[in-house]
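Asker: Based on the provided sequences and hints, a complete structural model is requested.
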Amino acid sequence: MKRPLRTKLLIEVGHNEAIEMANEIIKNYEVQEIQPPRQGLTMIKLRESAKNSLFYIGEVLVTETKVKIGNSFGTGIVMEENNTLSKALAIIDAAYKEKLPETEKWFYVLKKLELKLQNEMEKVKCSIERTKVHFDTMKV
Amino acid sequence: MIMHSTQQAYRKLLEALSFPGKVNSVDTCPNDFSPLISQTGLICLTLLDSEVAFHVAEENNLITETLHAYTGSHATNARNADFIILPLSSSDEEIVKKINQAKIGDLVRPHKSATIILEVESLKYGYKYSLKGPGIKDTNQLNCTIRPEIMENRKNINAEYPLGIDLILVDQQGYVVGLPRTTQIMEVY
Amino acid sequence: MGYVAVTGGKEAIEASLQHLFYERVKHGKWLSVETIKGTMRGFIDHIMSESSLYSEDLAALAMKQSEGNVEEAVFLLRAHRSTLPRLYYSTITDPRDMFVHRRISASFKEIPGGQILGSSHDYLHRLLDFSLIEETEEDVWQKKLDFEAIEVPEGSSIPLEKLPKVMDYLRAEGLLNDFPVNDEEPDDVTKMSLTFPSSRSERLQILTRGQTGGIVSLGYAGLRGYGSSHPNVGEVRVGEQPIHIQLDGEEEEYYIGSIKLTEVESFIPANVSENGKEVLAFDIGYGACFGQNETKAIAMSILDHALENPEDTPIHDEEFVLLHVDTIESTGFISHLKLPHYVTFQSKLEQMRKIKEESGASVNE
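Taken in order, these protein sequences are the chains called A, B and C.
Numbered according to this note's numbering, the first sequence spans residues 1 to 140.
Numbered according to this note's numbering, the second sequence spans residues 1 to 189.
Numbered according to this note's numbering, the third sequence spans residues 1 to 365.
It should be emphasised that the hints constitute simulated quantities derived from the structure, not laboratory data.
A hint or two may mislead.
[To be verified] Between beta-carbon pairs, the in silico distance windows are:
no.	chain 1	residue 1	chain 2	residue 2	range
1	A	Val133	C	Trp141	26 to 34 Å
2	C	Lys191	A	Asn71	33 to 41 Å
3	A	Leu5	B	Gln7	34 to 42 Å
4	C	Val152	A	Leu5	23 to 31 Å
5	C	Phe21	B	Arg109	40 to 48 Å
6	A	Asn71	B	Val108	41 to 49 Å
7	C	His19	A	Leu5	51 to 59 Å
8	A	Leu5	C	Phe21	43 to 51 Å
9	A	Asp136	C	Pro159	19 to 27 Å
[Unchecked claim] Heads up, simulated DSSO-like pairs for lysine-lysine below, C-alpha to C-alpha not over 30 Å straight-line:
no.	chain 1	residue 1	chain 2	residue 2
10	A	Lys116	A	Lys2
11	C	Lys144	A	Lys123
12	B	Lys124	B	Lys155
13	A	Lys132	C	Lys109
14	B	Lys137	B	Lys12
15	A	Lys116	C	Lys162
16	C	Lys143	A	Lys132
17	B	Lys103	B	Lys22
18	A	Lys116	C	Lys37
Every residue gets a Cβ at the ideal spot worked out from N, C-alpha and C, and that includes glycine.
Answerer: Structure below.
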């Protein structure tokens with residue numbers, strides 16, 4: 001599973017799963033904390049459609065953590081203040097880069113989360129669709 | 001807290017660049033940046049962040065990767081770097097090559113130039129240099145193992161003030177000396 | 001002009017602050033930051049946009065601390081922002097990837113995906129709801145459950161996570177003044193102060209973080225005749241915008257979360273030269289901001305177009321618009337007038353007395 005989707009699933013619907021995965025790694029490997037969870041900013045670069053150029057719309061608060069397992073650095077970044085999740089994401093990131101065997105069975109956890117996210121999104125979409133206007137022409 | 005170490009290191013760097021030639025002692029770094037001298041590591045932690053780019057003269061990417069991981073700073077080539085780190089193992093030719101490639105800024109933005117962090121054997125013995133310029137009353141003396149050719153090269157780069165490069169020297173004992181672009185250096189025989 | 005320092009206010013200031021802190025608690029009432037976050041969506045969106053810092057948690061805290069004073073809350077957030085390191089830049093974020101919650105067009109009735117009203121105050125009668133005075137937590141839970149129990153159609157049919165844009169209609173008809181993709185790195189007004197002529201990226205950044213009232217007033221003035229950019233709202237979209245970053249030396253992007261975004265494209269008729277011939281096409285006026293701030297985003301789209309087409313009226317004048325819409329700059333300068341100006345005023349007073357004396361003397365002569 002590609003990282004954009006993996007991180008999305010863990011951040012949107014898999015907080016508990018992420019923490020469990022990270023704990024599994026901490027139990028079995030030495031995890032070195034390179035950057036303890038800290039808060040910082042990420043500047044958002046937006047594409048505007050009038051001239052198709054780019055501009056900065058503003059910054060978002062993030063919590064960042066960096067760890068090292070074996071020879072691999074892992075980064076965990078999540079919006080708002082969330083030290084626990086940020087650190088868990090960093091450990092998971094490093095575990096994938098280090099190709100630890102645990103990551104193979106995580107695939108099934110992530111597949112479940114993918115289904116969960118799809119279901120949640122589908123529910124929201126169905127509800128929003130009720131607000132779609134169905135035009136009728138008025139009789140004169 | 002690492003923040004307190006870097007704050008103190010920052011004060012020391014200010015002192016070093018305000019009084020060129022003054023030998024300052026900087027604390028060791030809590031993290032391992034070997035083969036860099038420990039104090040160089042702390043200076044890098046102090047100066048580098050994600051808003052600047054750095055270059056390390058090295059064969060493999062070992063130092064570069066570690067510095068990126070700890071500081072979030074971006075690795076680049078010597079021509080685009082805001083900070084160029086020259087470890088002790090760098091040959092004289094390499095040092096000359098890298099500082100010749102370094103950014104010297106332009107007349108509107110002379111601060112958009114590179115700062116060179118150069119590791120040397122010693123800042124207590126070696127060639128004798130006499131220093132003049134802002135921050136120095138009359139003259140100051142610096143003993144260090146940097147070869148005169150390198151100093152000569154630095155002089156050529158800094159010929160057109162305000163353009164030029166600033167040097168931070170770190171020796172094996174962990175002493176730190178600052179040589180901003182304004183300092184004029186003469187070898188004493 | 002010289003400034004003279006005076007001392008002596010220390011105790012008075014300390015006592016004044018005690019009074020200020022007392023104001024917040026004197027009724028013995030308490031509001032948790034979580035409650036603010038859960039109930040004050042409009043306020044939070046408003047100040048996140050003006051402070052150009054996206055954090056619902058911090059915005060809610062700022063509201064609590066400032067007792068709901070917008071100006072103060074934005075000041076707190078801008079100040080806090082300046083203490084944080086900027087760690088990353090997002091990859092190019094395109095609102096075409098927004099998970100749309102609301103999307104309407106005032107230009108075309110039938111659009112792909114349709115007019116989706118989402119949630120908005122626009123369709124209310126604006127009558128005060130006195131029943132809210134007696135509302136209990138239990139009532140709130142009941143209302144929440146009632147909504148969630150509403151039967152919704154099964155299976156969605158609109159691709160809300162990849163909704164086509166209304167402007168594509170104009171493009172298909174060859175009526176859009178189209179521009180090639182420009183990936184030039186934007187300027188950043190938080191790092192380099194503004195000089196004139198400004199760049200497009202600077203203009204958009206200043207407008208999006210501008211004071212809501214300021215942007216709306218100037219946009220309105222432009223519409224009423226102090227400008228010539230009269231738009232048709234092509235599309236207003238509000239939704240969740242996914243944000244990704246790219247770490248150095250790594251191939252795959254990293255998802256960090258999503259933000260609520262409002263985006264507006266206004267259609268404004270323009271003369272475009274095509275193969276040496278002047279033809280009529282539509283320009284886009286662009287507005288986008290953090291949170292659901294539709295009026296601000298529409299006003300921004302008017303000002304964007306006005307500033308792209310300089311004319312001899314204030315609304316088309318970049319210095320006039322860009323230097324006056326920032327909330328910290330304007331409120332800061334206005335409120336500095338409260339600082340002691342004793343000496344400057346005394347010298348004015350003296351001059352005036354002298355002139356009066358001299359003219360009085362000459363009358364008597």
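Asker: Confirm or reject each hint.
Answerer: How the hints compare with the structure:
Evaluation of the 26 to 34 Å hint for valine 133 of chain A and tryptophan 141 of chain C yields a pass: the beta carbon distance comes to about 31 Å. Range check, lysine 191 of chain C to asparagine 71 of chain A: Cβ separation about 35 Å, and the 33 to 41 Å hint holds. Between leucine 5 of chain A and glutamine 7 of chain B the C-beta distance comes to about 41 Å, which sits within the given range of 34 to 42 Å. The hinted range of 23 to 31 Å is satisfied by valine 152 of chain C and leucine 5 of chain A, whose Cβ atoms lie roughly 26 Å apart.
Between phenylalanine 21 of chain C and arginine 109 of chain B, the C-beta spacing of about 45 Å keeps the proposed range 40 to 48 Å intact. Separated by about 44 Å at the C-beta atoms, asparagine 71 of chain A and valine 108 of chain B satisfy the suggested range of 41 to 49 Å. Separated by about 54 Å at the C-beta atoms, histidine 19 of chain C and leucine 5 of chain A satisfy the suggested range of 51 to 59 Å. Between leucine 5 of chain A and phenylalanine 21 of chain C the beta carbons are some 48 Å apart, a value that agrees with the proposed interval 43 to 51 Å.
Separation of aspartate 136 of chain A from proline 159 of chain C is about 25 Å and conforms to the stated range, judged on CB atoms against 19 to 27 Å. A hinted pair counts as satisfied when its Cα atoms are at most 30 Å apart, and lysine 116 of chain A with lysine 2 of chain A qualifies at roughly 17 Å. Between the alpha carbons of lysine 144 of chain C and lysine 123 of chain A the distance comes to roughly 15 Å, so the proposed pair stays at or under 30 Å and holds. Pair hint lysine 124 of chain B plus lysine 155 of chain B holds up; C-alpha atoms about 22 Å apart against a cutoff of 30 Å.
Between lysine 132 of chain A and lysine 109 of chain C the CA atoms are separated by roughly 12 Å; this keeps the pair inside 30 Å, and the hint holds. Simply put, lysine 137 of chain B and lysine 12 of chain B have alpha-carbon atoms about 20 Å apart, close enough for the 30 Å limit, and the pair holds. Between lysine 116 of chain A and lysine 162 of chain C, the direct Cα distance comes to roughly 20 Å. Compliance with the 30 Å bound is thereby established for this hinted pair. About 22 Å separates the Cα atoms of lysine 143 of chain C and lysine 132 of chain A, which keeps this hinted pair within 30 Å; it holds.
Between lysine 103 of chain B and lysine 22 of chain B the alpha-carbon distance is near 25 Å, which keeps this suggested pair within the 30 Å criterion. Proximity of lysine 116 of chain A to lysine 37 of chain C is assessed by CA-CA distance (about 25 Å); at most 30 Å being required, the pair is judged to hold.
In terms of the numbered hints stated before, the structure departs from none.
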